[in-house]
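*Asks:* Keeping their order, the protein sequence lines are chains A and B.
All residue numbers for the first sequence refer to our numbering, where the first residue is 1 and numbers rise by one.
All residue numbers for the second sequence refer to our numbering, where the first residue is 1 and numbers rise by one.
Don't read these hints as lab results, they were simulated from the structure.
In this text the structure is predicted, and so the values were computed from the model without any measurement.
Careful, some of the hints might be misleading.
Note that the list lumps identical chains together, so a pair holds whenever it fits in one copy or between two copies.
[Said to hold, decoys possible] No farther apart than 25 Å at their CA atoms in a straight line, the calculated lysine-lysine pairs in the BS3-like style are these:
| # | residue 1 | residue 2 |
| --- | --- | --- |
| 1 | 97 | 171 |
| 2 | 225 | 97 |
| 3 | 384 | 359 |
| 4 | 251 | 269 |
| 5 | 97 | 251 |
| 6 | 352 | 401 |
| 7 | 23 | 230 |
| 8 | 251 | 307 |
Protein chains: 2
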Amino acid sequence: MLGNFNEFPDWISRGLDDLFPYKKAEDSDQSFLKRLELSSIEKKPLRVKLGIDPTGTEIHIGHSILFRKLRAFQDAGHKAILIIGDFTARIGDPTGKSKTRIQLTKDEVESNALNYLEQLGLGKEPQNSLLDFSTPGRLEIRRNSEWLENLNLSNVIELLSNSTVGQMLAKEDFNNRYKSGTPISLHEFLYPLLQGYDSVAINADLELGGTDQKFNIAMGRDLQKAFGQKPQFGMLLPILVGLDGTQKMSKSLNNFVGINEDSLSMYSKLEKVPDDLVFSYLNLLTDENLNELSSIPREVQKFMALKITSNFKGLEAAKKAQYNSEKLILGNQNSLEEIPESSISKVNFPAKAFYLFSKMKLCSSSSEARRQILGGGVRIDGEKIEDPNLEFDTPNELIGKILQVGKKKFLRVSN
Amino acid sequence: MLGNFNEFPDWISRGLDDLFPYKKAEDSDQSFLKRLELSSIEKKPLRVKLGIDPTGTEIHIGHSILFRKLRAFQDAGHKAILIIGDFTARIGDPTGKSKTRIQLTKDEVESNALNYLEQLGLGKEPQNSLLDFSTPGRLEIRRNSEWLENLNLSNVIELLSNSTVGQMLAKEDFNNRYKSGTPISLHEFLYPLLQGYDSVAINADLELGGTDQKFNIAMGRDLQKAFGQKPQFGMLLPILVGLDGTQKMSKSLNNFVGINEDSLSMYSKLEKVPDDLVFSYLNLLTDENLNELSSIPREVQKFMALKITSNFKGLEAAKKAQYNSEKLILGNQNSLEEIPESSISKVNFPAKAFYLFSKMKLCSSSSEARRQILGGGVRIDGEKIEDPNLEFDTPNELIGKILQVGKKKFLRVSN
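Produce the entire structure from the sequences given, and follow the hints as far as they go.
*Replies:* See the structure below:
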């Protein structure tokens with residue numbers, strides 16, 4: 001990260017990993033602030049590029065980070081240019097080795113593209129969708145076959161001449177493969193150039209991408225210069241860590257939350273993400289003020305789950321999901337209204353589990369609590385406690401959670 | 001070199017550096033002898049490819065090695081396919097860095113191509129030209145724009161997918177540049193594939209090239225296989241060492257003999273090439289029996305110069321050139337018929353220059369000979385002798401040469 005981008009309004013700087021080039025110069029090719037100013041003076045909205053692969057993606061909240069930023073530009077009056085990589089998807093990987101570049105038919109590509117656009121909100125009102133599909137002038141949908149289909153050998157040679165073998169092999173993934181002796185087919189060197197050429201074709205002012213896209217976006221800048229255009233800026237956003245807390249969110253790792261999952265499933269997954277992700281989820285997936293959060297982790301976590309679910313599903317659905325999630329924890333026979341609250345003030349910390357359950361009067365004594373825990377009848381927020389000596393350091397770890405013994409005895413911890 | 005290629009007729013094996021693949025298998029994709037047999041049985045002439053660059057080349061005898069071999073195939077009933085690289089010449093090197101790939105206009109390319117073909121004998125009778133332009137079915141002239149102009153991006157991606165970065169960087173010149181940090185533009189990787197694709201376009205059975213062409217010709221084989229064709233064979237011929245005896249013959253090094261030089265200039269240059277090149281010149285540029293050569297170097301050298309000149313200019317012109325070359329040595333005032341012969345049998349070897357000239361009676365005494373040599377008046381075959389003690393080891397070094405003192409005294413050394 002180059003800085004805090006403090007001179008930008010929050011809707012731009014929020015969640016940003018990198019913006020390049022990043023200079024405070026007067027030159028609108030070097031200073032994004034200047035380019036923004038010009039756009040406002042000339043009343044010419046910025047053309048903000050984002051590429052999507054029509055390969056049958058189920059959009060998850062990790063992807064949504066980029067679309068949320070694109071939407072922010074739309075809401076500020078700029079134009080989102082969605083580029084559907086239909087040409088590249090139809091070619092695929094001629095060697096058949098790449099699992100991410102499967103060759104698709106024209107029909108498959110079109111059906112995937114439509115599905116992608118529907119997930120983004122095609123046909124819905126702006127307030128109910130990720131992107132604004134209906135306000136005039138805010139969205140352009142382009143297929144890269146429009147320009148790539150017409151390239152001939154002579155154009156391709158000219159494109160290729162804009163980069164060198166050394167540049168390509170400096171790119172991290174190529175470099176790793178070259179060093180490890182994993183074959184790199186020559187056509188793979190063409191793809192960054194084609195993505196870059198998309199920027200030329202649509203005359204982009206800005207391209208959005210994950211942090212792994214810096215090379216390709218910079219290639220777009222180079223090509224725009226070679227073709228006599230003002231080079232675009234690159235805006236990189238973090239790649240979301242998945243529910244497991246370690247790997248990037250992806251469908252294949254099953255650590256994801258799809259944006260089209262039902263609200264209960266979305267809420268339930270989100271309220272269980274590891275504590276150290278909660279803040280970044282709030283930062284990247286909501287607009288909430290991060291300086292005004294509760295100091296109680298459990299509350300922040302529920303707040304995050306509620307807000308994110310609410311962003312995708314609306315507040316009513318999110319609240320219902322929260323309610324049903326708690327009901328789920330207790331099983332169907334109980335109604336949530338019946339959960340009594342009980343203050344944790346009488347408990348001394350650090351507190352072991354057997355002591356906690358005895359002190360909160362869910363068990364008649366410490367030894368009874370030990371027995372119940374070892375017998376498998378004790379849960380916190382639906383998760384079984386197996387070690388009577390499990391230790392809690394502060395009340396905040398417990399406030400808001402549901403303590404439960406057997407099927408009938410439970411309470412919600414309050415301050 | 002893989003072998004002596006003894007199983008081939010002399011017109012094939014003569015001068016060959018490499019023929020690949022080289023197997024004695026039954027498979028006509030692996031055994032060139034088998035492919036030849038098939039061609040004869042099926043009465044289908046082989047399609048023998050040779051590519052030429054229409055960049056304004058003045059053809060020299062070094063280039064002629066390839067055309068002589070191509071002609072041998074024509075004379076044996078096969079078809080020469082000359083490929084004019086007009087498309088590549090018109091594109092040139094988009095970076096402008098390559099001195100060998102200058103961008104030419106369509107008119108320049110066509111005029112260069114015509115000039116090249118005229119040098120090869122276009123419009124002449126077969127007996128007076130390098131290639132046979134007139135016997136029906138022996139020559140096809142193609143321009144690679146025919147097929148390259150129609151390639152689109154999708155075709156190029158497929159072409160590129162047939163090779164890897166590792167393969168390209170294994171190629172000697174690319175490897176040297178990559179290791180030394182000299183930039184390699186990406187489009188340069190495309191050129192070997194385009195040359196290879198030419199073989200697909202014309203369905204070549206055999207491609208001729210210099211020893212530096214092995215990589216590109218092998219690429220043609222790979223692509224033909226990928227496109228479902230029988231792969232071509234590659235026949236590599238040596239790159240001729242120039243008149244300086246060290247570097248490859250080239251116009252820019254001025255160590256060349258152009259095939260369109262006048263016969264006197266051609267003969268004079270050839271009879272002066274360093275001794276250790278004479279045999280290879282005879283081998284690569286004539287059809288003479290190398291087992292029946294004179295044992296006297298001077299005679300072999302004059303024989304070589306006469307035969308090569310005769311191949312390009314006809315026997316009469318070559319003989320006249322030889323005559324005039326000797327006249328040139330003595331200056332215009334003398335007529336060659338007047339040169340008396342004198343036997344070297346009376347000289348004992350090793351012999352120093354002053355002793356030689358005294359013993360051959362061109363000087364009255366050894367001391368007179370020393371004086372004349374130091375005074376600059378003594379020549380052998382027109383070249384001034386400056387050291388009286390210059391030593392000759394055998395009579396063969398001198399037989400056939402003209403010894404000369406001043407302008408009036410001279411003789412030709414005989415056995």
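*Asks:* Hints first: check each against the structure and report whether it holds.
*Replies:* A quick look at each hint next to the structure:
In this assembly of identical chains, residue 97 and residue 171 lie within 25 Å of each other by CA distance both inside one copy and across copies; the values are 20 Å within and 24 Å between. Taking identical chains as interchangeable, the C-alpha atoms of residue 225 and residue 97 lie at most 25 Å apart only when they sit on different chains, with a minimum of 19 Å there against 34 Å within one chain. Proximity of residue 384 and residue 359 under a CA criterion of 25 Å is satisfied intra-copy only: 19 Å inside one chain copy versus 121 Å between copies. Taking the closest pair of Cα atoms, residue 251 and residue 269 come within 25 Å of each other only inside a single copy of the chain (14 Å); across copies the shortest separation is 76 Å, beyond that limit.
In this assembly of identical chains, residue 97 and residue 251 lie within 25 Å of each other by CA distance solely inside one copy; the values are 21 Å within and 47 Å between copies. Proximity of residue 352 and residue 401 under a CA criterion of 25 Å is satisfied intra-copy only: 16 Å inside one chain copy versus 114 Å between copies. Taking CA atoms no more than 25 Å apart as the test, residue 23 paired with residue 230 passes inside one copy only; the shortest distance there is 16 Å, against 59 Å between copies. Proximity of residue 251 and residue 307 under a CA criterion of 25 Å is satisfied intra-copy only: 22 Å inside one chain copy versus 77 Å between copies.
Violated hints for the displayed structure: none, as all numbered hints are satisfied.
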